[in-house]
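Asks: The chain contents come next:
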Amino acid sequence: EAGVVQSPRYKIIEKKQPVAFWCNPISGHNTLYWYLQNLGQGPELLIRYENEEAVDDSQLPKDRFSAERLKGVDSTLKIQPAELGDSAVYLCASSLGRIAGDNTQYFGPGTRLTVL
Amino acid sequence: GNSVTQMEGPVTLSEEAFLTINCTYTATGYPSLFWYVQYPGEGLQLLLKATKADDKGSNKGFEATYRKETTSFHLEKGSVQVSDSAVYFCALEGYSTLTFGKGTMLLVSP
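In the order they appear, the protein sequences are chains W and D. Residue numbering for the first sequence follows the working numbering, beginning at 1 and increasing consecutively. Residue numbering for the second sequence follows the working numbering, beginning at 117 and increasing consecutively.
Label-pair distances were calculated between CB atoms; the ranges are: (1) W:Q41 - D:T128: 16 to 26 Å; (2) D:A133 - W:Q17: 44 to 54 Å; (3) W:P18 - D:E192: 40 to 50 Å.
Hints were generated in silico from the structure; no laboratory data involved. Glycine included, C-beta positions come from ideal geometry on N, C-alpha and C.
With the sequences and hints as input, model every part of the structure.
Replies: Here it is in structure tokens:
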């Protein structure tokens, strides 16, 4: 079974430019998460989707970050405009979900963003 | 709120040594507990989990026991290998959200 797929794996952009990350969760997983991981730190949740609904976006900086999960499968996370402090690894994870009785999260390889 | 505290690294061991990485947590209710491992340049891989008190999670020779009385979930392995060198994250799940510790780097030398 394929795991969580993310692209691109690496992205280098100039500050003030836009950038987008894509995630394809494990087939059948209803819950999708985006995390931010700074160097030397554990991941921190940005947003959680249950199917196509964003049920927890309290930590998403909405002035520059946006996300969508159309049709409840793939998801895109966007930053516009990017700032130097956005340099980090962006991780996507998925789980079957609470209704299925299993919230175990499985992570993709991440996208390493460098803002110059 | 929920929080996880891990021992600081790096932990440096010789091959075949015994490993312990300490993890304690603060949480409301009865969270599920996890250990994830991250190899250089990769995402997090689920190593093991425990969903209730006294449960023991195990995988690939690693073990951790959910201790409610000491709010701990220490990771152990009897004989580490060079290939175990990675960063290990302890995490708890509350309200469908994972709270992670800062991670502990393990370096195993031949």
